[in-house]
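Peer 1: Sequence:
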Amino acid sequence: MKKVSILFVCIVCSILAGCSSTDKVDKNSVSSSDKTVSTSTQSQKGFNGKTLKNEDGSLTITKVETTKTTNPSIEGEVKAVLIIGKFTNNSSETQSPKDFWSQYIKVYTVNKNSDSELILSGLQIDTPYDDLYEAASDKVHPGKTIKFMIGYQTNKLSTKYKFVPTTKSSDELKPTLTLNAKNIDVSSLNNGSESKSTASSESTSTSTPQENSTEIDSTSSSSSTTQTSNSYADLPPFDGTLSDFINKYGVTPAVYKVQKFGMSPEEALKSTPDELETSGEIQTEAGY
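Quick note on numbering: the sequence shown equals residues -17 to -1, 1 to 271 in mature numbering (1 follows the signal peptide of the UniProt record, and there is no 0).
Certain hints may be false.
[Claimed, not checked] Straight-line alpha carbon distances no greater than 25 Å define the calculated SDA-like cross-link-like pairs of lysine to any residue that follow: (1) K95 to A63; (2) K145 to E48; (3) K46 to K127; (4) K81 to T150; (5) K33 to E100; (6) K46 to S226; (7) K46 to E100; (8) K243 to P55; (9) K143 to P111; (10) K165 to S99; (11) K139 to E76; (12) K89 to E48; (13) K151 to K165; (14) K46 to L103; (15) K145 to Y91; (16) K81 to Y135; (17) K51 to Y135.
Hint data in this document are derived by calculation from the structure and do not stem from the laboratory. Computed from a predicted structure; not experimentally measured.
Using the sequences plus the hints, can you model the full thing?
Peer 2: Set out below in structure tokens:
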């Protein structure tokens, strides 16, 4: 009987020892897993100065600007944050600066009491960086570098913006980057300014007889029922490119038609060829 009791005690002790060992293994396993994830995140760094670099690319923010303006083809005042930079593709596949930005960077407006995240969307106004804005969607070849501009439309502007780097799984990294924003005026690109209007008038008055004849013909044709046809006939003389037209007259062709001929924004956009519209105007026209 005594031997049976001793044997029973030994069996019970063995079972308890086994359970304790299993618990330790499980806890060590979980702890090891957590440590691996933590170490993986810690091995990824955030901004180094103004540059974020990882295996997919290297992106440097060179400046941040804000602006607010109106545009005859858009209802209400538009406020925008413009972020200019350069991007190098470190991956083996083509990718755009916007692809990299959307994957690895969050932007926050720095307010007095809190920070609010900006949501990336289309830009509906003209800026001095329209070519860089379009370049942000260009697919960059591996090892190549281009300049770009990312634009955010927002309800409220600030003087400071914070850039938070993330991993592919959206875990936030450090260090972050906070930059001051400079306010710029883009009203001359969207509405025209007095000085540019004067320059346009002087340019027209000093044009050759042939140019004057062309302008008279275009004014006449603009009042006809063929006003909405896609042609250059209702525009003043220029070399046929959007940038030259803006440089000469201070506004885009569509805005010019609204101001000079009294067209509605819809008529002006539909009668203007796509190559003479900004990306924002093309998006607006698509909504009509």
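Peer 1: Please go over all the hints and tell whether each is borne out by the structure.
Peer 2: A quick look at each hint next to the structure:
At roughly 19 Å between alpha-carbon atoms, K95 and A63 fall within 25 Å of each other, so this suggested pair holds. Straight-line distance between C-alpha atoms of K145 and E48 comes to about 13 Å, which keeps the hinted pair within the 25 Å bound. Among the hinted pairs, K46 with K127 is consistent with the structure: their alpha-carbon atoms are about 21 Å apart, no more than 25 Å. Between K81 and T150 the alpha-carbon distance is near 16 Å, which keeps this suggested pair within the 25 Å criterion.
Restraint check for K33 and E100: the C-alpha separation of about 19 Å stays at or below 25 Å, so the hint holds. Between K46 and S226, the direct Cα distance comes to roughly 23 Å. Compliance with the 25 Å bound is thereby established for this hinted pair. For the given pair, K46 sits about 19 Å from E100 by alpha-carbon distance, which is consistent with the 25 Å threshold. Of the supplied pair hints, the one linking K243 and P55 holds, its CA atoms being roughly 12 Å apart against a limit of 25 Å.
Distance restraint check for K143 and P111: the Cα-Cα separation of roughly 21 Å lies within the 25 Å cut-off, and the hinted pair is therefore satisfied. Between the alpha carbons of K165 and S99 the distance comes to roughly 19 Å, so the proposed pair stays at or under 25 Å and holds. Using a Cα cut-off of 25 Å, the hinted pair K139 and E76 is violated, with the two alpha carbons roughly 37 Å apart. A threshold of 25 Å between alpha carbons decides the hint, and for K89 with E48 the separation of about 17 Å falls inside it, so the pair holds.
Using a Cα cut-off of 25 Å, the hinted pair K151 and K165 is violated, with the two alpha carbons roughly 31 Å apart. A hinted pair counts as satisfied when its Cα atoms are at most 25 Å apart, and K46 with L103 qualifies at roughly 18 Å. With a C-alpha separation of about 5 Å, the suggested pair K145 and Y91 falls inside the 25 Å cut-off, and the hint holds. Proximity of K81 to Y135 is assessed by CA-CA distance (about 12 Å); at most 25 Å being required, the pair is judged to hold.
For the given pair, K51 sits about 12 Å from Y135 by alpha-carbon distance, which is consistent with the 25 Å threshold.
Violation of the numbered hints given earlier is confined to hints 11, 13; the remaining hints are satisfied by the structure.
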